[in-house]
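Input sequences plus hints: build the corresponding full structure.
Heads up: the sequence shown begins at 96 in my numbering, then just goes up one per residue.
These aren't lab readings, by the way, just hints derived from the structure by calculation.
Wrong hints could be hidden among the right ones.
Below are the BS3-like pairs computed for lysine-lysine, each with C-alpha atoms no more than 25 Å apart in a straight line [stated by the list, open to error]:
| id | residue 1 | residue 2 |
| --- | --- | --- |
| 1 | K672 | K685 |
| 2 | K167 | K259 |
| 3 | K257 | K184 |
| 4 | K374 | K335 |
| 5 | K563 | K573 |
| 6 | K335 | K267 |
| 7 | K184 | K374 |
| 8 | K257 | K338 |
| 9 | K167 | K257 |
| 10 | K164 | K259 |
| 11 | K184 | K167 |
| 12 | K164 | K267 |
| 13 | K504 | K602 |
| 14 | K602 | K515 |
| 15 | K576 | K637 |
| 16 | K517 | K576 |
| 17 | K257 | K374 |
| 18 | K160 | K257 |
| 19 | K515 | K504 |
| 20 | K637 | K504 |
| 21 | K160 | K267 |
| 22 | K267 | K257 |
| 23 | K515 | K576 |
| 24 | K685 | K697 |
| 25 | K573 | K518 |
| 26 | K517 | K573 |
| 27 | K576 | K563 |
| 28 | K602 | K482 |
| 29 | K482 | K504 |
| 30 | K160 | K184 |
| 31 | K563 | K515 |
| 32 | K430 | K672 |
| 33 | K518 | K576 |
| 34 | K338 | K259 |
| 35 | K374 | K267 |
| 36 | K259 | K335 |
| 37 | K184 | K267 |
| 38 | K338 | K374 |
| 39 | K257 | K335 |
| 40 | K504 | K517 |
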Amino acid sequence: MILFSTFMLFFGLSTVIGVPLLSSFQVTQIKGSTWMDWATHLGTTLGPAAGIFVLVSVLVYFMHKPLVKLIKTAEERPLTDEEKVAAQKTLNRINVVSIISLMSGYPIGNGTTIIIKTLSGNLHYNLTDLILIFVLIILYALLAISYSTKCFNIVARSELAKLKIQNLDGMKTSRYTVTLGMIILNSALLIGWQVLCSGYSAVRHGWSMALFLRKGLYSLCIGVAITLPLCLLVLYQLRKRFKITIEQIDSLRDDGDLVTRINIGTFDDFGVIMTSMNKLMDFLRVSLSTLKNESSSVGSTATELLSITDNSSTSIEHIVSSFEEMRHQNEEKDKLLEAAKNNINRLNEDAARVSTSMQDQAQAEEQNAQAISLMTQNTNQINELIKQAKELSNNLSESSSSGATEVDKTEAVINAVSDKSKKMIEVIQVIQQVASQTNLLAMNAAIEAAHAGEAGQGFSVVADEIRKLAENTQSQAKNIKDLITEITGAISEGTESMQDTKSMFYKIQQEIATQTNVVENIAHTMDEQSTGAEEILSTTNKISQNIQSVNELIKNQANYTEEIKNGITDVVSLSEKIDSSLNISLEILKDFSQSMGIVNDKATLNERSVQTITDELNKFEL
Numbered sequence: 096m097i098l099f100s101t102f103m104l105f106f107g108l109s110t111v112i113g114v115p116l117l118s119s120f121q122v123t124q125i126k127g128s129t130w131m132d133w134a135t136h137l138g139t140t141l142g143p144a145a146g147i148f149v150l151v152s153v154l155v156y157f158m159h160k161p162l163v164k165l166i167k168t169a170e171e172r173p174l175t176d177e178e179k180v181a182a183q184k185t186l187n188r189i190n191v192v193s194i195i196s197l198m199s200g201y202p203i204g205n206g207t208t209i210i211i212k213t214l215s216g217n218l219h220y221n222l223t224d225l226i227l228i229f230v231l232i233i234l235y236a237l238l239a240i241s242y243s244t245k246c247f248n249i250v251a252r253s254e255l256a257k258l259k260i261q262n263l264d265g266m267k268t269s270r271y272t273v274t275l276g277m278i279i280l281n282s283a284l285l286i287g288w289q290v291l292c293s294g295y296s297a298v299r300h301g302w303s304m305a306l307f308l309r310k311g312l313y314s315l316c317i318g319v320a321i322t323l324p325l326c327l328l329v330l331y332q333l334r335k336r337f338k339i340t341i342e343q344i345d346s347l348r349d350d351g352d353l354v355t356r357i358n359i360g361t362f363d364d365f366g367v368i369m370t371s372m373n374k375l376m377d378f379l380r381v382s383l384s385t386l387k388n389e390s391s392s393v394g395s396t397a398t399e400l401l402s403i404t405d406n407s408s409t410s411i412e413h414i415v416s417s418f419e420e421m422r423h424q425n426e427e428k429d430k431l432l433e434a435a436k437n438n439i440n441r442l443n444e445d446a447a448r449v450s451t452s453m454q455d456q457a458q459a460e461e462q463n464a465q466a467i468s469l470m471t472q473n474t475n476q477i478n479e480l481i482k483q484a485k486e487l488s489n490n491l492s493e494s495s496s497s498g499a500t501e502v503d504k505t506e507a508v509i510n511a512v513s514d515k516s517k518k519m520i521e522v523i524q525v526i527q528q529v530a531s532q533t534n535l536l537a538m539n540a541a542i543e544a545a546h547a548g549e550a551g552q553g554f555s556v557v558a559d560e561i562r563k564l565a566e567n568t569q570s571q572a573k574n575i576k577d578l579i580t581e582i583t584g585a586i587s588e589g590t591e592s593m594q595d596t597k598s599m600f601y602k603i604q605q606e607i608a609t610q611t612n613v614v615e616n617i618a619h620t621m622d623e624q625s626t627g628a629e630e631i632l633s634t635t636n637k638i639s640q641n642i643q644s645v646n647e648l649i650k651n652q653a654n655y656t657e658e659i660k661n662g663i664t665d666v667v668s669l670s671e672k673i674d675s676s677l678n679i680s681l682e683i684l685k686d687f688s689q690s691m692g693i694v695n696d697k698a699t700l701n702e703r704s705v706q707t708i709t710d711e712l713n714k715f716e717l
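Pasting the structure below:
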């Protein structure tokens with residue numbers, strides 16, 4: 096209903112106000128009649144205008160319903176191209192109804208008034224008057240059309256934008272500049288024509304200059320008053336459309352918003368511009384999305400390239416390091432070969448000395464065999480002594496166990512005595528409590544006897560004796576308690592001594608067990624030593640036999656070392672050639688390493704550039 100109300104507002108203003116205003120100008124300016132004469136026939140003027148208003152209201156009410164339905168549909172889903180064209184056709188039909196009704200209504204309404212007034216004899220118009228009035232009617236009708244159609248389209252733009260039309264391709268559009276020019280031209284012609292009509296009336300009716308100026312100023316003010324709002328509204332809407340376009344561009348510039356689109360509410364040049372803006376944003380969105388994807392791919396490739404160059408640089412560095420190490424090892428190898436050559440020479444010299452030493456060793460082995468035989472005899476005697484020591488250790492262990500058992504029994508008796516002493520202390524404490532209470536009772540009896548006077552003297556003597564006896568009992572009980580306490584302390588010390596004795600017996604048992612184990616180990620060791628001595632004796636005999644074989648091998652070794660010496664000389668020569676090749680390869684690898692370093696730097700710069708492009712692309716909301 097917003098569209099219908101907006102249309103009826105502007106259509107009503109252009110008819111209900113425009114028709115009477117035109118009629119008043121005809122009567123008061125062109126014919127020079129009074130305002131009273133105009134007011135008398137105002138009903139005749141408003142009748143046709145009101146009829147046209149009602150008729151157009153009914154037609155437009157039913158015509159705008161499909162447009163309202165399309166707006167509701169656009170809230171749920173995008174309109175199809177056919178629905179967009181249907182919406183434009185509906186607006187065009189409403190505009191056609193406005194144009195036809197106003198272009199026919201103004202001449203009919205004012206023509207009817209002229210005919211009625213002429214027939215009634217109130218007014219008489221000549222041909223010039225009719226021409227002036229007809230031109231004025233046309234100008235007023237065109238102005239009313241501008242109000243009812245152009246202003247309606249301008250004010251209803253926000254409502255029509257709900258159609259969410261973002262592309263005018265395939266739709267007819269008007270030229271906003273032509274519309275603006277026609278409105279300005281119509282306004283200028285209307286104002287100028289009204290002033291011209293005032294001048295014509297001044298000449299025809301012989302007005303004075305003051306009256307002409309007053310009438311002309313009135314015509315000018317009326318013309319400006321009815322045309323200026325239209326011009327201001329059109330210019331304001333022009334500024335607002337520029338602002339919408341600028342806001343969209345600012346949003347694109349500041350926020351990178353490529354998602355939001357301009358909803359077109361008018362089918363004119365600005366609609367075409369907004370269509371181009373939307374197309375540009377679609378193109379930018381697709382292009383930037385593609386560029387962003389490609390940038391991500393290039394970024395991944397750049398990262399991989401950088402990783403590869405890093406790995407290659409690292410590998411080359413390792414290779415260079417390996418070649419350096421190989422060269423160093425080759426130098427060490429040359430030194431070792433030279434040392435081996437010298438050692439072989441010394442080995443030949445030592446072989447002769449070894450041969451002589453082996454002969455001496457053969458004699459020494461014979462003497463060693465005799466010594467081992469003597470050692471075997473001594474070992475057997477030691478084994479007999481170890482058996483006797485083992486028997487003594489076992490006897491000592493049994494005696495120590497018996498002593499520990501007796502200590503445990505003695506400790507049990509002492510603990511029993513200690514427990515009895517503690518019970519005696521408890522009994523003595525009870526006796527002390529009874530004596531204390533007896534003493535207290537004796538004191539109370541003495542006090543009561545004193546209160547009784549002479550009759551209680553005998554009782555007082557008895558109470559005094561009882562009190563002395565209680566005090567003596569307390570004193571004796573205390574002495575007994577102290578004595579028992581001393582006994583208990585002595586028993587505790589004895590218990591501690593028994594514990595120490597018991598611990599010593601346990602330690603003695605442990606030491607005896609350890610000694611027994613040691614003796615057994617010694618016996619086992621001596622058995623092994625005896626067996627080993629026999630084996631050594633057998634081995635010594637074999638060594639004597641092998642010494643002769645070694646002498647033969649040493650002679651053969653001298654021949655072998657001479658051959659090895661010649662081979663080492665050849666290896667040293669080959670090693671020098673390898674050193675030369677390694678130096679050349681090392682220089683080549685160093686140059687290649689520097690080249691890879693340059694490639695790595697370029698790859699790093701490439702990755703930074705790709706990241707910068709990606710960051711810039713991420714500013715756009717796609």
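A quick look at each hint next to the structure:
1. K672 to K685: Within the cut-off at roughly 20 Å; holds.
2. K167 to K259: holds (11 Å)
3. K257 to K184: holds (17 Å)
4. K374 to K335: holds (21 Å)
5. K563 to K573: holds (15 Å)
6. K335 to K267: Holds. K335 to K267 sits at ~23 Å (cutoff 25 Å).
7. K184 to K374: holds (24 Å)
8. K257 to K338: Holds, at about 19 Å.
9. K167 to K257: The hint holds at about 8 Å.
10. K164 to K259: Cα-Cα ~13 Å, so holds.
11. K184 to K167: Distance ~17 Å between K184 and K167 Cα, so the pair holds.
12. K164 to K267: holds (21 Å)
13. K504 to K602: Measuring from Cα to Cα gives roughly 18 Å; hence the hint holds.
14. K602 to K515: Violated. K602 to K515 sits at ~32 Å, over the 25 Å cutoff.
15. K576 to K637: Not satisfied, since the Cα-Cα distance of roughly 89 Å exceeds 25 Å.
16. K517 to K576: Judged against 25 Å, a Cα distance of about 10 Å means the pair holds.
17. K257 to K374: holds (19 Å)
18. K160 to K257: holds (15 Å)
19. K515 to K504: This hinted pair holds, its Cα atoms lying about 17 Å apart.
20. K637 to K504: Not OK: K637 and K504 at ~66 Å, beyond 25 Å, violated.
21. K160 to K267: Holds. K160 to K267 sits at ~22 Å (cutoff 25 Å).
22. K267 to K257: holds (19 Å)
23. K515 to K576: holds (13 Å)
24. K685 to K697: holds (19 Å)
25. K573 to K518: Holds: K573 and K518 sit about 15 Å apart, inside 25 Å.
26. K517 to K573: Answer holds: K517 to K573 is near 14 Å, not above 25 Å.
27. K576 to K563: It holds: about 20 Å lies between the C-alpha atoms, which stays within 25 Å.
28. K602 to K482: Given that 25 Å is the threshold and the Cα spacing comes to 24 Å, the pair holds.
29. K482 to K504: Distance of about 34 Å is beyond 25 Å: violated.
30. K160 to K184: holds (13 Å)
31. K563 to K515: violated (30 Å)
32. K430 to K672: Distance ~15 Å between K430 and K672 Cα, so the pair holds.
33. K518 to K576: holds (11 Å)
34. K338 to K259: Roughly 19 Å separates the two Cα atoms, so the pair holds.
35. K374 to K267: The hint holds at about 18 Å.
36. K259 to K335: holds (18 Å)
37. K184 to K267: Since the Cα atoms of K184 and K267 sit roughly 10 Å apart, the hinted pair holds (cutoff 25 Å).
38. K338 to K374: holds (19 Å)
39. K257 to K335: Roughly 17 Å between the alpha carbons, so the hint for K257 and K335 holds.
40. K504 to K517: Status holds; Cα separation ~20 Å.
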